[in-house]
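A.B. asks: Take a look at the letters that make up each chain.
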Amino acid sequence: MKLDHSQPLEYSTHENELNIFGFWIFLGAEIMLFATLFTSYFTLENRVGSGPSGAEIFEISPVLIETFLLLTSSFTIGLAVHAMRLGRQKAMIGFFVVTLLLGLTFLGVEIYEFVHYVHVGAGLQTSAFTAMLLTTLGTHGLHVTFGLFWGTMIILQIRKRGLTAQTAGKSFIFSLYWHFLDVVWIFIFSFIYLKGMM
Amino acid sequence: MEFFERFAIPHPSPAIYAAMVAIGLTVIGIIAGLTYFKKWGYLWREWLTTVDHKRIGIMYLISALIMLFRGGVDAVMMRAQLASPEAKLLDAQHYNEIFTTHGVVMIMFMAMPFIIGFMNYVVPLQIGARDVAFPRLNAISFWLFFMGAMLFNISFVIGGSPDAGWTSYFPLAGNEFSKSVGTNYYMLSLQISGLGTLMTGINMITTILKMRAPGMTLMRMPMFTWSTLIANLIIVTVFPVLTVALAMGTMDRLFGTHFFASTNGGMDMLWANLFWVWGHPEVYILILPAFGIYSEIISTFSGRNLYGYKSMVGSMVIISVLSCLVWAHHFFTMGQGAASNSFFSITTMAIAVPTGVKIFNWLFTLWRGKIRMTVPMLYSIGFIPLFTIGGVTGVMLAMSAADYQYHNTMFLVAHFHNTIIPGVVFAMLAALTYYWPKMFGFMLNERIGKWAFWSLSIGFVLAFFPMYITGLDGQARRMYTYSESTGFGPLNMLSFIGAGIMAIAFILIVYNIYYSIRYSPRDIGSDPWDARTLEWATHTPVPEYNFAFTPSVNSSEPFWDDKKKKHKLFPGKIEKIHMPNNSGVPFIMSSIFFVWGFSFVFAMWPLLIISTIGIFICMAYRSFEQDHGRYITVEEVKETEEKLGGAKL
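Top line first, the protein sequences correspond to chains W and B.
Those letters in the first sequence? Residues 382 to 579, by the numbering used here.
Those letters in the second sequence? Residues 51 to 699, by the numbering used here.
These aren't lab readings, by the way, just hints derived from the structure by calculation.
Small disclaimer: the values here were computed from a predicted structure and weren't measured.
Positions of the beta carbon are idealized from the N, C-alpha and C atoms, including for glycine.
Some hints could be false.
[Claimed, not checked] Partner residues are not named here, just some residues of chain B that face chain W (Cβ under 10 Å, in silico):
(1) K260
(2) A263
(3) I285
(4) S673
(5) H678
[Stated by the list, open to error] Calculated lysine to any residue pairs in the SDA-like style (CA-CA distance at most 25 Å, straight line):
(6) B:K626 <-> W:F561
(7) B:K260 <-> W:E396
(8) B:K623 <-> W:H395
(9) B:K626 <-> W:W405
(10) B:K408 <-> B:L259
(11) B:K260 <-> W:F561
(12) B:K260 <-> W:F402
(13) B:K260 <-> W:L529
(14) B:K693 <-> B:S576
(15) W:K541 <-> B:Y671
(16) B:K618 <-> B:K693
Go ahead and model the full structure; you've got the sequences and the hints to work with.
C.D. replies: What follows is the structure in C-alpha cells.
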C-alpha cells in the first residue's frame with residue numbers, strides 16, 4: 382500500500398481517494414432520492430382527504446429539539462474529523478460517540494413524534510399527505526438509523542486497529558454522510574415543518 | 051396447506067404447467083451436469099466469486115442472451131395471438147401478463163445487462179485500467195441484477211405474473227385491479243436490480259474519471275467510454291427516482307397507503323410522472339452506449355477517425371440534459387393543459403437536433419472511408435436508415451396535438467420498437483460480433499452472421515412497419531384481440547410472419563456461436579479487425595491484469611498511432627501489479643436479497659426480518675474484513691506475457 386504523506390491520512394492512498402470520490406457520487410444519488418421525496422411531498426401536501434392537515438398536527442417543540450440535536454451532532458462529527466487529522470485517537474473516538482448518542486436521541490424524539498402523529502389520527506393509511514409525510518421523515522430516519530450502525534462499526538475498528546489510512550478513510554466518508562443527513566434535515570425543517578405551520 | 055396456497059398460480063393454463071416442468075427439468079439438468087463433470091468448485095472459484103470486470107461483463111452478456119430468449123418467446127406468443135382476428139390462443143389475462151413481462155424483461159433484464167456487460171468488459175480496457183474502481187462493488191451490482199431478474203422470472207410459476215404493463219400505471223396496478231402478487235414481484239425485482247444498476251453507475255463514473263491511462267484527457271477518450279460516462283451520469287441522476295416510485299408503489303400494495311389511489315387524497319398520475327421521470331432518461335441510458343458502439347465500429351471499418359469528435363460529445367451531453375426534460379410526452383392526453391404540453395412537445399422535438407448531428411457524423415465518417423462490410427459494420431449501416439425512420443416517427447409523436455390520434459395505438463408500439471431494435475439490439479449484436487474475438491479468442495462466422503443480420507432486418511421491417519398503418523387506422527396497443535370487420539387481419543398476419551423471421555435470426559445467432567466454437571480458427575492474433583483503440587492493444591485472451599505496462603496515450607486513437615505513426619504505446623518496464631481478491635460475499639449477499647424480495651412479495655414478515663438481518667451481517671462482515679488485495683510479481687507477469695506470445699512493446 383503506497384502512502385502519500387503530503388495528503389491528509391484519509392486521502393493518503395489511491396484506494397481511499399477513489400472511495401471518497403465514489404461516495405460523493407453516491408451522495409449525488411441521495412440528493413436525487415430526497416429531491417424526489419420532496420417533490421412528491423409538495424404534490425401531495427394539500428391532498429389530505431378526510432385526514433388532518435400539517436398545520437393541525439405539527440408541534441414545534443419536538444421538532445426544535447430534533448433540529449438542535451442533529452445540528453449539534455453535525456458539529457461534533459466535524460470535531461471528530463479534526464481530531465483525526467491531529468492524530469488524537471481518543472478525542473476522535475470521544476466525538477464519534479457523542480455524535481452517535483446525539484443521533485440516537487434524535488431518533489428517540491422522532492419515534493415519539495411518529496407515535497404522536499398516529500395518536501392524533503395521522504397514520505400511514507390516513508391520507509396521501511400523511512403517508513408522504515411519514516415516508517419522507519421515515520426515509521431520513523432510516524438513514525440516521527443506518528448511520529448509527531455504521532458509525533458503531535467504525536468506532537470498533539478504530540479501537541482495534543488505530544488510525545490507519547483505511548479507518549481514516551471510512552471515518553471521513555462517514556462524516557460526509559452525517560453532514561448530508563443534516564443538510565436534508567434543514568430542508569425538512571424549513572419546507573415541511575415551517576412551511577406547514579405557517 | 052393454507053401456507054402454500056398463496057404460491058398457486060391464480061390463472062393457470064397448460065402452457066404454464068409445461069413451463070414449470072421445463073424449468074424444473076432444466077434446474078435438475080444443470081445441477082446434475084455440474085455434479086457429473088465435477089464443476090462446482092470451478093463455478094464457485096472462477097465465476098461466482100470473481101471480481102474481474104471481464105468475467106462479470108461476460109456473465110452480464112450470458113444473462114442478457116437468456117433474457118432475450120425469454121422476452122422473444124413472449125413476443126412471438128403475442129404476435130401469434132394477434133395474427134388473425136378473434137384468435138383463441140391466449141385469453142385476455144394471459145395476454146396482459148405476457149405484454150407486461152415482455153416489456154420488463156426486454157428493457158430491464160435484456161437491454162440493460164447487455165449494455166452494462168459491454169461497459170464492464172470494454173471500458174477498463176479502453177482507458178488502459180487494470181479493473182474498475184470498485185471491483186467488489188461491481189460483483190455486487192451484477193449479482194443484485196441477476197437476483198432481481200430471477201425473482202421477476204419466477205413470478206409466472208409461483209404466485210402469478212404482473213399484468214399491469216411494463217409501466218405499471220396505478221390504479222390498474224393497485225390491489226383493487228391487480229389482485230395477484232404479480233405487481234409485488236414487479237416492484238421488488240426492479241427495486242433489487244435497480245440498486246445494482248445504481249452501484250454500476252457510481253462505479254463506472256469513478257472508473258472513467260479517476261483511472262484513465264496517463265495522457266488520456268477527457269477529450270481523448272474513445273467514444274464508447276464517453277457514452278458510458280454520460281449514460282452512467284444519467285443512471286445516478288434518475289435511478290433514485292425509480293427507487294422512490296417503487297417504494298411508494300410497494301407501500302400502496304402492501305401497507306395500505308394511498309399515494310396512487312383515487313381515494314383519500316391519492317393521485318394516480320403521480321406514479322405516471324415519477325415513472326417517466328426515470329423511464330424516459332432510461333431509454334437514453336440504453337441508446338447512448340449503443341451510439342458509442344456504432345461510433346467505434348463505423349470508425350474501425352471505415353478505416354478512418356471518427357468525424358466530428360467534439361460535436362459527438364457535445365450532442366451526447368445535450369441529449370442527456372434534454373432526456374430529463376421530456377417525460378410528460380408519454381401522457382399528453384392526461385389533460386395537463388396546453389402550456390405544459392407545448393413545453394414537453396418542444397423539448398422532445400429538440401432532441402432530434404443533437405441526434406441528427408450524430409447521424410450526419412456517422413455518415414461523414416463513412417464518406418471516403420475504406421469501408422469493410424463485416425457483420426458489425428452491416429448492423430451499423432442498417433442502423434442508420436432504420437433508426438432515422440424511428441426518429442422521424444418520434445417527432446410525429448412529439449407533436450402533442452397530433453398525439454391524441456396516435457396515443458396508445460400500434461403506431462406508438464411501432465415507433466419505440468423502431469428505435470430500440472435498430473438502435474439498441476443491432477448495436478448489441480454488432481458489439482457481440484465485434485468484441486467476441488477479444489473475449490473468447492476466435493471470430494464468429496461471418497457468413498452465418500450475415501444471414502442473421504439480413505433475416506433480423508427483414509423480419510424487423512415486416513413485423514413493425516405494418517403496425518404504423520394499423521396504428522394510424524386505430525388499432526389499440528395491449529388489446530388481446532380485434533374483430534374481423536376492423537380489417538387489421540392481413541397486416542397483423544404480416545407482423546406475425548416478420549416476428550417468425552426474427553425468431554429465425556435469433557436461432558441463427560445461437561447456431562453461429564455453436565458453429566464458431568467448433569470450427570473457427572484460433573490463431574487470429576490480438577487485433578483481428580485492424581482496430582484503433584486501446585482494448586485491441588493487449589493480448590487475446592486478455593490476461594487478468596489487462597495490460598502488463600500502463601499505456602501512454604497521446605490522442606483519441608493511441609493504438610492506431612502505435613501501429614501507423616510510431617507512437618510508443620508501452621514505455622517503461624514491468625512492475626508488480628496490484629489486483630483485488632475474489633470474494634463470495636457479493637453472491638451470498640445478493641442471494642439473501644433474493645430471499646428478502648421473495649418474502650416481501652408474499653408479505654412473509656418473519657422471513658423478511660431474518661433476511662434483512664442477514665444482509666446487515668454481510669455488510670458488517672465486509673466492513674470488518676481486511677482485504678488489501680494481492681500482488682502479481684514481475685516474474686509471474688513475465689511468464690504470462692511469454693505464454694501469450696511475448697510482451698507487447
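A.B. asks: Could you run down the list of hints and mark each one as holding or not?
C.D. replies: Comparing the hints with the structure gives:
| no. | hint | result |
| --- | --- | --- |
| 1 | K260 | 6 Å, holds |
| 2 | A263 | 14 Å, violated |
| 3 | I285 | 9 Å, holds |
| 4 | S673 | 5 Å, holds |
| 5 | H678 | 6 Å, holds |
| 6 | B:K626 <-> W:F561 | 39 Å, violated |
| 7 | B:K260 <-> W:E396 | 11 Å, holds |
| 8 | B:K623 <-> W:H395 | 21 Å, holds |
| 9 | B:K626 <-> W:W405 | 31 Å, violated |
| 10 | B:K408 <-> B:L259 | 24 Å, holds |
| 11 | B:K260 <-> W:F561 | 23 Å, holds |
| 12 | B:K260 <-> W:F402 | 9 Å, holds |
| 13 | B:K260 <-> W:L529 | 30 Å, violated |
| 14 | B:K693 <-> B:S576 | 14 Å, holds |
| 15 | W:K541 <-> B:Y671 | 15 Å, holds |
| 16 | B:K618 <-> B:K693 | 23 Å, holds |
Of the hints listed earlier, those the structure fails to meet are numbers 2, 6, 9 and 13, in rising order.
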